[in-house]
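**Student:** The primary structure of each chain is shown beneath.
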Amino acid sequence: MPSTEPVIRLENVTQLFRVIHERPDTVRELFSKLFRNRSSYHDFEAVKNVSFDVPHGQALGIIGRNGSGKSTLLKIIAGVYRPTQGKVTVEGTLAPLIELGAGFHHELTGRENILLNGLLMGYSKRDMLERQQRIIDFADVGEFIDAPVKQYSSGMYMRLAFAVAIEVDPQILVVDEILAVGDIGFQQKCFERIRKFRESGKTILLVSHNMGQVAEHCDRALLIDHGCVIVDGHADEAIAMYRTLLSPEVVAAQ
Amino acid sequence: MTELIRESYRYRELIWALAIKELKIRYKRSVLGFMWALLNPAFMMLVLTLVFSTIMRLGIRHYAIFLLSVLLPWTFFSQSLSYAVESIVTNGDLIKKVAVPKIVFPMAAVVSNIINLLLSLIPLALLVPLLRHPFYWTWFYLPVPLLALAIFTLGMTFFFSAANVYYRDVSHILQVVLSAWFYLTPIIYPLDAIPARYQWILKLNPIIYVINGFRLSVYYGQLPKAPSILASFVCAFISLFIGFSIFRKYQNNFVFYV
Numbered sequence: 000m001p002s003t004e005p006v007i008r009l010e011n012v013t014q015l016f017r018v019i020h021e022r023p024d025t026v027r028e029l030f031s032k033l034f035r036n037r038s039s040y041h042d043f044e045a046v047k048n049v050s051f052d053v054p055h056g057q058a059l060g061i062i063g064r065n066g067s068g069k070s071t072l073l074k075i076i077a078g079v080y081r082p083t084q085g086k087v088t089v090e091g092t093l094a095p096l097i098e099l100g101a102g103f104h105h106e107l108t109g110r111e112n113i114l115l116n117g118l119l120m121g122y123s124k125r126d127m128l129e130r131q132q133r134i135i136d137f138a139d140v141g142e143f144i145d146a147p148v149k150q151y152s153s154g155m156y157m158r159l160a161f162a163v164a165i166e167v168d169p170q171i172l173v174v175d176e177i178l179a180v181g182d183i184g185f186q187q188k189c190f191e192r193i194r195k196f197r198e199s200g201k202t203i204l205l206v207s208h209n210m211g212q213v214a215e216h217c218d219r220a221l222l223i224d225h226g227c228v229i230v231d232g233h234a235d236e237a238i239a240m241y242r243t244l245l246s247p248e249v250v251a252a253q
Numbered sequence: 000m001t002e003l004i005r006e007s008y009r010y011r012e013l014i015w016a017l018a019i020k021e022l023k024i025r026y027k028r029s030v031l032g033f034m035w036a037l038l039n040p041a042f043m044m045l046v047l048t049l050v051f052s053t054i055m056r057l058g059i060r061h062y063a064i065f066l067l068s069v070l071l072p073w074t075f076f077s078q079s080l081s082y083a084v085e086s087i088v089t090n091g092d093l094i095k096k097v098a099v100p101k102i103v104f105p106m107a108a109v110v111s112n113i114i115n116l117l118l119s120l121i122p123l124a125l126l127v128p129l130l131r132h133p134f135y136w137t138w139f140y141l142p143v144p145l146l147a148l149a150i151f152t153l154g155m156t157f158f159f160s161a162a163n164v165y166y167r168d169v170s171h172i173l174q175v176v177l178s179a180w181f182y183l184t185p186i187i188y189p190l191d192a193i194p195a196r197y198q199w200i201l202k203l204n205p206i207i208y209v210i211n212g213f214r215l216s217v218y219y220g221q222l223p224k225a226p227s228i229l230a231s232f233v234c235a236f237i238s239l240f241i242g243f244s245i246f247r248k249y250q251n252n253f254v255f256y257v
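Residue numbers (numbering that gives the first Met the number 0), protein chains in the order written: chain A, 0 to 253; chain B, 0 to 257.
Just so you know, the hints here were simulated from the structure itself, not pulled from any lab data.
Small disclaimer: the values here were computed from a predicted structure and weren't measured.
Even for Gly, the Cβ is constructed at its ideal location relative to N, Cα and C.
Check before you lean on any hint, since a few could be wrong.
[To be verified] If you anchor each label on the Cβ, the simulated ranges turn out as follows:
1. Ser123/A x Tyr182/B: 42 to 52 Å
2. Val26/A x Phe255/B: 20 to 30 Å
3. Phe43/A x Arg247/B: 25 to 35 Å
4. Arg64/A x Phe236/B: 30 to 40 Å
5. Ser199/A x Glu2/B: 42 to 52 Å
6. Ser123/A x Gly58/B: 52 to 62 Å
7. Val30/B x Glu44/A: 54 to 64 Å
[Unchecked claim] In silico lysine-lysine, DSSO-like type, Cα no more than 30 Å apart, as pairs:
8. Lys248/B x Lys47/A
9. Lys224/B x Lys149/A
10. Lys124/A x Lys47/A
11. Lys202/B x Lys124/A
12. Lys149/A x Lys248/B
13. Lys124/A x Lys95/B
14. Lys224/B x Lys202/B
15. Lys188/A x Lys95/B
16. Lys86/A x Lys95/B
17. Lys27/B x Lys95/B
18. Lys124/A x Lys224/B
19. Lys20/B x Lys124/A
20. Lys95/B x Lys149/A
21. Lys95/B x Lys20/B
22. Lys86/A x Lys47/A
23. Lys149/A x Lys23/B
24. Lys47/A x Lys27/B
Model the full structure from these sequences, guided by the hints.
**Tutor:** See the structure below:
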């Protein structure tokens, strides 16, 4: 039974980015800047005062236009950014699928990368050796598991990366738009696995531009625009609002 | 400081894996692979021995051993720094995508170079009897200066890797600093080559105490005096304290600058 206790809680989270204009790249620029004494940056609020809870076992979709702050939000939850203001609480292990194979090193073999990637996510060597076989089975790269990953096809590379993230068996899986890549067979396999992951009562955060995926997999969705949560509700509701938000742009494009 | 110990213990497997990765990649696709970690210093020693025993005869007996006893630790120091200074920046992509503790990157650079240093001591140990230089029992004292040097180096790598995130000039400045520092340290010349009235300048060089420990135990077969040992550890911990404090203060902002 999914308990109502939140596994992720964001309280008034704000993320500022300092956008630096014309950073002095040469000594001449440096001096001319020193004398003109102008401020050369502005602060950009990527996420503005966002609060929400994610209860245990929920699949939450996050949608919004490009540059709306979705990925920043995920990175805050994944602990990549420490928010400028506000508080983030995450209970339990979290596997970020922010970019497939972010921790892979091209010269290392698949097997070596499984271990390294697991360690980077905070698992122990023992944990990873226990899970190794399941990862290899899911990735289905055959003999290539002992070859350097630079020799992998892009499909094999993605399968291995996805397999590591999902088979470490985290309590929370964070998926950022990565399943847009890969062939249909692979996508189906991934979503099949994500469904099983959900059925075992785990929490999922899914960022996607594919509304079909969000409608199918998420109980709830957040619509983000200009760093604010506009809709927090049922997935269909958020998707409908997202479409209205987009329609002027679509009309303009036509 | 306890935080550093706790964190490095917690991530010990990751640090080790990154250090091994570094070495693997360094020797990957070479037929002899890991053997190069031994062969490289061995060939260097061979050349140095030939040059200084036949061509350039200095007044120092077994100059090759005299030199190598401190050149190897110095190489560890300068290579660790050269690797580590870029370590945060080169792992920028990773830092932007995974919540990974930043200290592991400079630490892995130091650990991989310690392995290299330990391996390079093997050919040195073989060279000693080969040149009929006495093999002193003080070799067993080496873990002490090794520890002090590792701590000193770690502190410096924390400082330089953090600074390089903000100013990429740092990695270039470091190369200049290292080459000046090399000549200001009695590595190619003995300590007493410096006139007595300038000796106090040497005493300001924080690496000299630990370097001296290596030369005394390998070449002279003596142990350093207690104040010198103490000074080497004081310098090491000051370096670690300053380096880590600065690193810790800025580490959460690295992600915005890499």
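**Student:** Check the structure against each numbered hint from earlier and tell me which ones fail, lowest number first.
**Tutor:** 4, 5, 9, 10, 11, 12, 18, 24
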